[in-house]
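Q: Going by this note's numbering, the letters in the sequence shown line up with residues 1 to 522, in that order.
Please keep in mind that the hints were generated in silico from the structure rather than gathered at the bench.
Certain hints may be false.
[Said to hold, decoys possible] What follows is a list of derived Cβ distance ranges for each label pair:
| # | residue 1 | residue 2 | range |
| --- | --- | --- | --- |
| 1 | A395 | E51 | 43 to 53 Å |
| 2 | L106 | W477 | 27 to 37 Å |
| 3 | S329 | R104 | 39 to 49 Å |
Backbone N, C-alpha and C fix where the C-beta goes; we use that ideal spot for every residue, glycine too.
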Amino acid sequence: MTLPPLHTLSEWQQFCTAVTDTTLDKHQLRVFQAAGIHFDLSAQRYSQNIEHAIHALLQARHFDKQRQALFDGAEINSTEQRPAWHIMLRNPQPTEEVAEERKRVLEFVRRTDSDRRWRNIVHIGIGGSDWGVRLANSAFGYAGTWRNIRYVANIDGHAIEAGLAGLDPRDTLIVVATKSFTTAETMANAQRALEWLQAANIDNPFNHIIAVTAKPEKAEQWGVPKHQIFKFWDWVGGRFSLWSAVGVAAGLTVGSGVLAGLLNGAHAMDQHFLNAPIPENMPIQMAMAEIANRSVLGYGSRNLAVYDSRLANLIPYLQQLEMESLGKSVDHLGQPINIPTGPVVWGMPGTDAQHTFFQWLHQGTDGAPVDFIVCQHEDHRWKDHHQQLLAHCLAQREALLNGKTEKEAYAENIATGMSEEQALLLAKHRKQPGGRPSNLIVLPQLTPFALGALLALYEHKVFVEGLVWGLNPFDQWGVELGKVLARGIEQEIKGQQKVSTQHNPSTKYWVEKFSDKESHML
Numbered sequence: 001m002t003l004p005p006l007h008t009l010s011e012w013q014q015f016c017t018a019v020t021d022t023t024l025d026k027h028q029l030r031v032f033q034a035a036g037i038h039f040d041l042s043a044q045r046y047s048q049n050i051e052h053a054i055h056a057l058l059q060a061r062h063f064d065k066q067r068q069a070l071f072d073g074a075e076i077n078s079t080e081q082r083p084a085w086h087i088m089l090r091n092p093q094p095t096e097e098v099a100e101e102r103k104r105v106l107e108f109v110r111r112t113d114s115d116r117r118w119r120n121i122v123h124i125g126i127g128g129s130d131w132g133v134r135l136a137n138s139a140f141g142y143a144g145t146w147r148n149i150r151y152v153a154n155i156d157g158h159a160i161e162a163g164l165a166g167l168d169p170r171d172t173l174i175v176v177a178t179k180s181f182t183t184a185e186t187m188a189n190a191q192r193a194l195e196w197l198q199a200a201n202i203d204n205p206f207n208h209i210i211a212v213t214a215k216p217e218k219a220e221q222w223g224v225p226k227h228q229i230f231k232f233w234d235w236v237g238g239r240f241s242l243w244s245a246v247g248v249a250a251g252l253t254v255g256s257g258v259l260a261g262l263l264n265g266a267h268a269m270d271q272h273f274l275n276a277p278i279p280e281n282m283p284i285q286m287a288m289a290e291i292a293n294r295s296v297l298g299y300g301s302r303n304l305a306v307y308d309s310r311l312a313n314l315i316p317y318l319q320q321l322e323m324e325s326l327g328k329s330v331d332h333l334g335q336p337i338n339i340p341t342g343p344v345v346w347g348m349p350g351t352d353a354q355h356t357f358f359q360w361l362h363q364g365t366d367g368a369p370v371d372f373i374v375c376q377h378e379d380h381r382w383k384d385h386h387q388q389l390l391a392h393c394l395a396q397r398e399a400l401l402n403g404k405t406e407k408e409a410y411a412e413n414i415a416t417g418m419s420e421e422q423a424l425l426l427a428k429h430r431k432q433p434g435g436r437p438s439n440l441i442v443l444p445q446l447t448p449f450a451l452g453a454l455l456a457l458y459e460h461k462v463f464v465e466g467l468v469w470g471l472n473p474f475d476q477w478g479v480e481l482g483k484v485l486a487r488g489i490e491q492e493i494k495g496q497q498k499v500s501t502q503h504n505p506s507t508k509y510w511v512e513k514f515s516d517k518e519s520h521m522l
């Protein structure tokens with residue numbers, strides 16, 4: 001479907017006007033609930049005018065039809081001419097092909113568990129073939145499992161060396177996860193792992209390797225037995241692939257029950273997104289608040305303040321999901337988008353973040369909206385710790401919203417016994433602007449169901465943002481140029497081809513310095 005440029009729509013202008021005409025009301029309460037998650041938007045600009053403008057803008061973007069196309073598996077990834085049908089992967093009644101592959105993964109996990117086989121798992125993948133598995137294991141295996149899992153993503157030789165160091169090859173399973181089965185980093189690391197197995201004189205090293213890929217024929221050509229290849233499909237973007245067989249390593253470490261819970265929670269959020277009216281629809285409201293913050297109010301980034309240390313890997317997971325999806329500057333027709341799109345996403349678990357960059361959030365000249373994420377109930381034995389954690393989360397959010405006037409700071413200084421001169425001076429340093437937007441997302445506890453729902457919430461938020469901005473959130477052409485250039489430069493560094501005269505002077509200088517024939521001179 002062809003959509004006109006956003007900036008040309010009267011509905012967009014109405015939305016911008018509604019946002020700028022509305023002040024952040026510190027006294028409002030806007031709390032939503034879906035799939036067991038509470039979502040508090042009270043610290044975002046909101047008015048009936050904004051709500052009406054949201055309805056009109058979504059209607060102008062044919063939202064209902066586009067959302068249904070997503071769920072129907074229509075060809076919504078326009079530049080690659082294919083669906084973006086990750087929703088099907090968590091459908092309780094999926095297509096026959098999806099159901100069969102899901103069954104194969106679960107049977108493999110159960111059979112392997114029953115045999116008590118593979119004490120060590122080495123998961124080799126990068127980006128979308130890595131972050132989801134790390135997240136599942138850090139969330140639900142932080143106390144340890146009977147299997148040891150390591151991750152190898154980076155092409156840096158230290159990564160594969162650390163991933164294999166000290167392991168017994170005879171009791172180690174290598175999981176090679178790559179959609180294309182050509183990803184440079186993954187295939188280089190997989191080859192080193194294969195050589196490691198061969199060096200241990202294992203009879204058939206490929207019996208120690210499974211592959212997860214959308215190109216099973218390439219995995220088979222490489223040597224992986226057909227029955228040890230698990231398939232997903234071209235219509236599954238890497239950053240949406242946790243729901244596929246990519247999660248097999250998580251099943252082997254934290255259990256198939258975790259995989260099932262993730263799928264069920266995500267499906268519950270899918271149904272909410274599909275059926276809830278716009279004013280109560282969490283992904284829609286979350287997306288429109290961010291669009292207001294980014295494209296109207298000019299915030300260049302959004303912070304993730306995750307008040308649960310087990311969710312540290314949620315931050316890079318969402319960085320990839322959002323910045324790879326929304327880091328675009330042209331629309332579906334290739335025309336420039338003349339408004340700011342996807343913000344920088346960054347963060348750190350709380351309360352560590354409070355001692356790292358919250359000073360900038362509170363008093364920096366730019367500031368950034370914050371997503372506070374916390375669990376209501378603890379599932380450890382130190383209740384006092386959790387109460388302190390909750391208090392810090394709420395206090396930081398309230399401080400961002402309310403701020404502190406210079407007059408209030410002055411009164412506090414005087415109350416401590418300062419001189420008037422000292423109190424006046426320090427008050428200028430202690431004042432805080434306030435009025436800084438945030439969301440509060442509350443999970444009941446960190447369960448697989450809750451995490452699945454949370455991830456689907458962000459996925460659908462990204463879909464809405466892409467639709468409104470008019471961009472394709474399911475491709476990632478921007479990273480391709482560097483990959484292509486790297487192949488040529490690698491050959492040049494190895495001395496296998498002449499250094500290109502097309503390089504800029506700096507690149508040419510360092511290619512020559514890094515080349516085999518020059519490296520001894522450094």
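Q: Next, verify each hint and record whether it holds.
A: Now for the hints, and whether the structure bears them out:
1. A395 with E51: 43 to 53 Å: violated (30 Å)
2. L106 with W477: 27 to 37 Å: holds (35 Å)
3. S329 with R104: 39 to 49 Å: holds (41 Å)
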